[in-house]
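Number of protein chains: 4
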Amino acid sequence: MTPPRTPDELHRFGYLGPRGTFTQMALDAWDAAAGREQVPFGSVDVALAALRAGEVDAAMVPIENSVEGGVSATLDALATGDPLVVIGEVLVPITFVLCARPGMPLGEVRTVGTHSHAWAQVRGWMAEHLPDAVYVPTLSTAASAAALGAPGDVMFDAGVCAPVAARDEGLEVLADDIGDNKAAVTRFVLVARPGTLPAPTGADKTTVVLFQKEDHAGGLLELLEQFAVRGVNMTRLESRPTGSAMGSYCFSIDFEGHVQDARVGETLMGLRRVCAEVRFLGSYPRADGGRPGARPGTTDADFDDARAWLDELRA
Amino acid sequence: MTPPRTPDELHRFGYLGPRGTFTQMALDAWDAAAGREQVPFGSVDVALAALRAGEVDAAMVPIENSVEGGVSATLDALATGDPLVVIGEVLVPITFVLCARPGMPLGEVRTVGTHSHAWAQVRGWMAEHLPDAVYVPTLSTAASAAALGAPGDVMFDAGVCAPVAARDEGLEVLADDIGDNKAAVTRFVLVARPGTLPAPTGADKTTVVLFQKEDHAGGLLELLEQFAVRGVNMTRLESRPTGSAMGSYCFSIDFEGHVQDARVGETLMGLRRVCAEVRFLGSYPRADGGRPGARPGTTDADFDDARAWLDELRA
Amino acid sequence: MTPPRTPDELHRFGYLGPRGTFTQMALDAWDAAAGREQVPFGSVDVALAALRAGEVDAAMVPIENSVEGGVSATLDALATGDPLVVIGEVLVPITFVLCARPGMPLGEVRTVGTHSHAWAQVRGWMAEHLPDAVYVPTLSTAASAAALGAPGDVMFDAGVCAPVAARDEGLEVLADDIGDNKAAVTRFVLVARPGTLPAPTGADKTTVVLFQKEDHAGGLLELLEQFAVRGVNMTRLESRPTGSAMGSYCFSIDFEGHVQDARVGETLMGLRRVCAEVRFLGSYPRADGGRPGARPGTTDADFDDARAWLDELRA
Amino acid sequence: MTPPRTPDELHRFGYLGPRGTFTQMALDAWDAAAGREQVPFGSVDVALAALRAGEVDAAMVPIENSVEGGVSATLDALATGDPLVVIGEVLVPITFVLCARPGMPLGEVRTVGTHSHAWAQVRGWMAEHLPDAVYVPTLSTAASAAALGAPGDVMFDAGVCAPVAARDEGLEVLADDIGDNKAAVTRFVLVARPGTLPAPTGADKTTVVLFQKEDHAGGLLELLEQFAVRGVNMTRLESRPTGSAMGSYCFSIDFEGHVQDARVGETLMGLRRVCAEVRFLGSYPRADGGRPGARPGTTDADFDDARAWLDELRA
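Residue numbers (numbering that gives the first Met the number 0), protein chains in the order written: chain W, 0 to 314; chain D, 0 to 314; chain Z, 0 to 314; chain E, 0 to 314.
Source of the hints: derived by calculation from the structure; they are not laboratory data.
One thing to keep in mind: the hints can contain errors.
A pair counts as met if it fits within one copy or between any two copies, since identical chains are not told apart.
What the hints assert, rightly or not - DMTMM-like mimics (lysine to aspartate or glutamate), calculated; alpha carbons at most 25 Å apart, straight line:
id	residue 1	residue 2
1	Lys212	Asp176
2	Lys181	Asp131
3	Lys181	Glu36
4	Lys181	Asp81
5	Lys181	Glu311
6	Lys181	Asp44
7	Lys212	Asp30
8	Lys212	Asp131
9	Lys181	Glu224
10	Lys212	Asp310
11	Lys181	Asp304
12	Lys212	Glu224
13	Lys181	Glu8
14	Lys212	Asp81
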């Protein structure tokens, strides 16, 4: 199976479903997905497995929340198994509503269903307004709305979900914007099979996972120096257990620049030489359009000049 | 309220309940908790809030899993709010069983209830043996066993939990040791209010959370150099979002040594000077008893000698 | 013999003679030497030996020239033998004249006597104006003037020396200001026996010689990190052979700050721990009065705050 | 004028004369100079000027002494002016004799002539055996022997020079091997015009002079990191004043490896990007034949592998 070579050739988009989640909102924000087939999956794992199997051409999954941190399922699914690459990112502001079947007053809510990540983000509001509410975990925020929206018994009185999910299920909103952190944002990435490399835009980001040669003191410092000495800025660094033993970590890192940039290429080669494994997870345009400040001596022109000079020395 | 000053003075121990979880196993492994009052709490947050309020003298909570990574709820609850300190750690090997009410054959299991972290650790086994099973989230692994053990309707056919929980609830074990990673270990920490500082043993660990002065490129490198230049080894590093904005992180770090060690003291002072905030989360004996290799020039004697020399220069 | 404890107690000043050298000009610029006994010595070695023997209380010697570099004799004499300390520095602009016995025309000069360092600084002028002149080495620039000023035979037709030397010897100046580099400056240091430590002024410098524990790759990098991590700026770094083998070096370093400054104290202690030997050569006011920009987190107040915080953690 | 392209094409060799100096001994040790024309020059400057002018094809000059340190004249002449490159190095053990005209007893020596560098290396012997001897500077050690060997008046009773010079001039040796450091070695380099690049041997050295972009704190640290991050070992580092102002330095550096080595090439390009100027002074076989220990990840094969991997990522 030949992978699609350009974003335009992506026809089927998978996403972490069901409909009504923040992930669907991220997919809606991706222009090239408009009018294409969109397939919800029950988990990040299943969505990425379907992508690896060729059932979809790309998959939108959450990777990081500004309040809750990295999404382990996504980080780990990308770090192992057949290679996948990120080809784009979307930032979605997170707004939660408390909703219930029509007629349920706020004062009578005893049990609240939602996804554990969402519950973590509304704990403050709950402590103030529903201090005695019992939490019931659901598979997603949308699943809590869907359960309330469907006929029959449900295990909780109210749900916490995105406004759109409450609306779609015909639920009543008991309270708006109940997130403890009003600036909460979740970052989603569009993942594809290798072979799709977005062109550099000048405002790009690259994602890698680094496995150290051996777990030695100062090892991380050495890795970071590979970035620093080429003037490459990191924007995210997370350690993740490799699973082999307590205390054995790999590092999931985002940094500014595109694999086609000279400074990024040299950084990646340097990492490749000192790491046991460097897993390249793609270069793609930044959602915020931010361009790194140019550090002296790190532009492509600087690298070209240095290469020409070296070639002359060696001639 | 004066906090207890020594481990012996800890009388009431909270833990992440219910009974039958791995956290209870960790507490069982803590000798000083034997015969003392043990209070289960429904979440890490609630347990630590009770500790802060003085309702218990210490609380055992999970902080890190060798497969799933850091426990966000614990990391974040320690990083913010009134200060707490870790006074000990326990490593518990993680073994999962699939259990059901007596009489349920494996072949008829359609739905499986467990905690999402446990589900993540048995996905491989499930894909092989119960590929069509539907996952139902529960608040804890023990909660899935408790639901099956209680009379009445239950939302799933089988549960995934610790062997002890299945036994306590009188359930039948359909499959033993179903974790995908047989070496899985979870690290638990015993947390107390400040004022309890275990004495140095020579095999100690210290935990801190570092907030950078500003989020600048190379900032993490500078922080790590504070450790490197004093010969202090890190054993865990995790970034966590500060919540203020996407891309703003603090760093949760474990490192070898005790706050009473000279090299650790100077490292902490260095971090204090360059960070916006250093949150000290305690020095405590390592569960594995490992002693760091002595790097030349970093023993207390080396520091004493250097101090005496400096005092002479200044005299 | 008790060493003088304050600059005021210095009564006898040695210097690199004879009279009429730039070193005497440096001594003239040192207010506290005015009206005190001034003793010229034939070499840096002899001057410092006399200081060590207690024959003088201090000695003015050149340490660095902005054109010719470090003065090896001084650097090496300070780096070995009984300890001495620098208690002050003087910057002297260097101006050379070409002089001869009255009646000698420029066009007839065939041989030129001067010190080798001076000759190196007028090579450009000589190549242009006296391309065929033969160089005759003398022990000092003043010695060339003295030879011409004395009766009897002399081995050269003209000398290169300071204007004051030519005038004192009654010589005729054939050409003024013949140095190739008009901005040439020589830095002189006033050296004393240990026990004299000038008080901090806020614009101070400290000098050390560092001997590495073993000559390993990256060794210098480690030493420099001891400075960097405490925000201490170096202003001079010179490698000098230790004499034990080709490729074995020590490092002579000047840096901003006073041994009484907290950041300098910690840097020195760090160096002491990682070096085979740290030779402290004094803290003294900077001749240029320059004050380092305050780096955040490196003031004495920052160190005091960090110490108080640590003490509280340890309590 | 086309420069000679290989060592075999070097026909005329200049050297720091006169005959009988240690430099001539270095040239004698250079096989390819045997039977070729050998031209002594009166100073390093003149020898290198002749080389630049094409009057000789190569020049042997001292660059470093294991006791006295770098030879400023050579370092500075290479660092400025038309480019020259080192194409080889020679290590010469330094042995001094005290010699005089036949019939002069040691006990009657009142004045001693020699080059200032030699005088510095026999100070200890002199202090013990001829404490009252007066030093008379000469242009070279050989010049002191030549003066004694020639008829007529001479300004000193005895000279300090190489054994061969004393023998050639028919002088009597009053004392053998009088150097204070019996392991003293001087390193000489054979310099040529650019265009002559010795092939890599696997045991090579490269010399550069680095001019910083601006004289900022931590600047040297950044330069050294360019070496460290590619696993390149320095064997000599000397600061030299640029002459523009007190405190403005360039750095003269030798390091292991050949410009054709991948790790050296990338290091040089990195330096080129961050420095105001990188002056390449040649790659050449090491006189001691030492081969650097292979650091993991820094062989040419490692670089080739990393490049192939990157090319694949970018395809």
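These are the hints, each one checked on the structure:
no.: 1; hint: Lys212 - Asp176; result: neither (46 Å within a copy, 30 Å between copies)
no.: 2; hint: Lys181 - Asp131; result: within (23 Å within a copy, 39 Å between copies)
no.: 3; hint: Lys181 - Glu36; result: neither (33 Å within a copy, 40 Å between copies)
no.: 4; hint: Lys181 - Asp81; result: between (37 Å within a copy, 22 Å between copies)
no.: 5; hint: Lys181 - Glu311; result: neither (57 Å within a copy, 36 Å between copies)
no.: 6; hint: Lys181 - Asp44; result: between (29 Å within a copy, 21 Å between copies)
no.: 7; hint: Lys212 - Asp30; result: neither (41 Å within a copy, 38 Å between copies)
no.: 8; hint: Lys212 - Asp131; result: neither (50 Å within a copy, 39 Å between copies)
no.: 9; hint: Lys181 - Glu224; result: neither (36 Å within a copy, 35 Å between copies)
no.: 10; hint: Lys212 - Asp310; result: between (32 Å within a copy, 22 Å between copies)
no.: 11; hint: Lys181 - Asp304; result: neither (48 Å within a copy, 35 Å between copies)
no.: 12; hint: Lys212 - Glu224; result: both (16 Å within a copy, 20 Å between copies)
no.: 13; hint: Lys181 - Glu8; result: neither (37 Å within a copy, 42 Å between copies)
no.: 14; hint: Lys212 - Asp81; result: within (21 Å within a copy, 39 Å between copies)
Against the hints set out earlier in the document, violations occur for numbers 1, 3, 5, 7, 8, 9, 11 and 13.
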